[in-house]
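Peer 1: Chain by chain, the residues run as shown.
Number of protein chains: 4
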Amino acid sequence: MKNFSDQLHDYGFSTEVRVRLSETDAVGVVFFGTYAHYFDIGRMDYLAHLGLNKLDGAVRDLIPGLVVGQEAQFKSSARYNDVLTIFVRIATIGKTSYTFHVKVVNKRTRATVANGSLTLVWMDDKQRPIRVPEHVREVVREFEGDALHE
Amino acid sequence: MKNFSDQLHDYGFSTEVRVRLSETDAVGVVFFGTYAHYFDIGRMDYLAHLGLNKLDGAVRDLIPGLVVGQEAQFKSSARYNDVLTIFVRIATIGKTSYTFHVKVVNKRTRATVANGSLTLVWMDDKQRPIRVPEHVREVVREFEGDALHE
Amino acid sequence: MKNFSDQLHDYGFSTEVRVRLSETDAVGVVFFGTYAHYFDIGRMDYLAHLGLNKLDGAVRDLIPGLVVGQEAQFKSSARYNDVLTIFVRIATIGKTSYTFHVKVVNKRTRATVANGSLTLVWMDDKQRPIRVPEHVREVVREFEGDALHE
Amino acid sequence: MKNFSDQLHDYGFSTEVRVRLSETDAVGVVFFGTYAHYFDIGRMDYLAHLGLNKLDGAVRDLIPGLVVGQEAQFKSSARYNDVLTIFVRIATIGKTSYTFHVKVVNKRTRATVANGSLTLVWMDDKQRPIRVPEHVREVVREFEGDALHE
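Chains as they are written, first to last, in my numbering: chain A, 4 to 153; chain B, 4 to 153; chain C, 4 to 153; chain D, 4 to 153.
FYI, nobody ran anything at the bench for these hints, they're computed from the structure.
Predicted, not measured: the structure shown is a model, and the values here were computed from it.
Any given hint might turn out to be false.
Claimed, not checked - Chain A is faced by these chain B residues, among others (derived, beta-carbon under 7 Å): (1) L24; (2) S25; (3) T27; (4) F34; (5) G36; (6) E141.
What the hints assert, rightly or not - Derived SDA-like pairs: lysine to any residue, alpha-carbon spacing no greater than 20 Å straight-line: (7) K98(D) - V139(D); (8) K78(B) - K129(C); (9) K78(D) - K78(A); (10) K129(A) - R82(D); (11) K98(D) - P132(D); (12) K129(C) - S80(B); (13) K78(D) - K110(D); (14) K98(A) - Q76(D); (15) K78(A) - S80(D); (16) K129(A) - S80(D).
Glycine included, C-beta positions come from ideal geometry on N, C-alpha and C.
Model the full assembly from the supplied sequences, consistent with the hints where possible.
Peer 2: Listed below in structure tokens is the structure:
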């Protein structure tokens, strides 16, 4: 499992969600499966922030790549109506894949709720892996700076 | 609101779900919004049972019409791991619309959990309402018999 | 089905959601069952706005009453990343029940996406219907004014 | 990331889900976040199969431990109405934690759809990690045999 030693200052982007009642379960806290949804919100908002999705395009065009891996480590519980800050960065761009790191923090208490990652593979129209395009690398390099591993 | 006096013998089709932990909320029972999902499972399984969806087609083709109305009345609570029987019928076919009645029953206790309806409008490729096709009416008439209102 | 002739000026409260990718379905638009979740967000935020939930209490205490009815009419489709404004009012307080009206509007286009209602029954600790407490009626009367039906 | 070289014959238990329309997204395939829900169904059904949850107890009692880690690798896409077999095993029991391996397979095509794991920590009433009880270890040992790592 990856070592999420990332500090908050490693993250140049964040977005927020507020926990919905339907996202909790009968145990009284946020269902762990909900975090995959939060991670995805973080990913999509990050890409929009960098201009890497096209909001007037078809949804199919909005999604650069296919999710091939996901992991999460849960550090503390979140409850109904908590505001969670989702910090997002692209930590690595390989040949055909790239990886987001995500850190979910309780906005009020500052407690880390979850750390995680999403790995995607860039695909052509026939769902074959292809090299992450150069213009995407440039935009991400510009935003992430030296913290980006290539 | 419609009068759901429908008795169980009015229903010629049923399918089942088992309540998932993620479908309950922090109050400890099934979140009311989950029932719209259960109704939809009932609808899709009913259509498949009558051969009115094409499992090898595109998803877009699977969906005869657009949901324009939904209602539900909640009679008792359901809990994690309960098996629910979803009874489904098409009660009415109008000119361009048709309406499902749905009754959700706790399989073990036989208690009615929810009654509801879904109304759809048949659409052409440009999302304009058109008459429900005759072959669909015939299949539904055959299945529902005299209970069908046209 | 109720007549949702309510105009926007009837609504004294609104909150917002932004459509998540996971809330759309394979047809490409927001899954109709998602609206029950949006309605619930509207309800809970409305109650919080009027001070009628206690954020430091147990979740069980946060929920004044049990949802016994829900209906929705869908007027136009919403898509990924659309910002939706959820207008909420309490339209009626009966002896033991009360009813929210909800109107979901596309923030950018101003198109009405859905109208709906949620009806709840006030319960005592043993889940028996009891009269909606007077202090709740007063707070809602104060906020809704003459538009409230009692 | 763990090496999921597990073969199917390593798994002594499986359960099934059928993909719901609401679990797909606008891209047309199962939303990756849905798999956390499928994993959880696998986990809960496995525990029930071994008699390690008590269906007549409070939900809080049903959940032996808190999920502290989750990971998934996605191998192929699943679509609406696909039947998925969820193979589940407990692969490791540590001092206070235990780990499920999960393999999701398309029932018809036999294609692997996803591999993953869930790690939980056993907690006392005050949410402090404690040793996994001996009777639980025994039941799991009995079922998993030599494949179990302790």
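Peer 1: Work down the list of hints and note, for each, if the structure agrees.
Peer 2: Do the hints match the structure? See the list:
Restraint check, L24(B) versus chain A: the minimum CB separation of about 5 Å is within 7 Å; hint holds. Hint on S25(B) holds. Least Cβ distance to chain A is approximately 5 Å, under the 7 Å limit. The interface hint given for T27(B) holds, since its Cβ lies 4 Å from the closest Cβ of chain A, which is under the 7 Å cut-off. The criterion of a C-beta within 7 Å of any C-beta in chain A is met by F34(B), whose closest approach is roughly 5 Å, and the hint holds.
For G36(B), the interface hint holds, since its Cβ comes within 7 Å of a Cβ in chain A; the closest pair sits about 6 Å apart. Using the Cβ-Cβ criterion of 7 Å, the hint placing E141(B) at the interface with chain A is not satisfied: the shortest such distance is roughly 36 Å. Restraint check: the Cα-Cα separation between K98(D) and V139(D) comes to about 12 Å, which is no more than 20 Å; the hinted pair holds. For the proposed pair K78(B) and K129(C), the alpha carbon gap of about 16 Å is at most 20 Å, so the pair holds.
As the CA atoms of K78(D) and K78(A) are separated by approximately 28 Å, the hinted pair breaks the 20 Å bound. Taking the CA atoms of K129(A) and R82(D), the gap is near 17 Å; set against the 20 Å cutoff, the hint holds. A hinted pair counts as satisfied when its Cα atoms are at most 20 Å apart, and K98(D) with P132(D) qualifies at roughly 9 Å. For the hint linking K129(C) to S80(B), the alpha-carbon distance of about 14 Å falls within 20 Å, and the restraint holds.
Proximity of K78(D) to K110(D) is assessed by CA-CA distance (about 15 Å); at most 20 Å being required, the pair is judged to hold. A hinted pair counts as satisfied when its Cα atoms are at most 20 Å apart, and K98(A) with Q76(D) qualifies at roughly 18 Å. Annotation: proposed proximity of K78(A) to S80(D) is violated, straight-line Cα distance about 30 Å (limit 20 Å). The straight-line distance between the Cα atoms of K129(A) and S80(D) is roughly 14 Å, inside the 20 Å bound, and the hint therefore holds.
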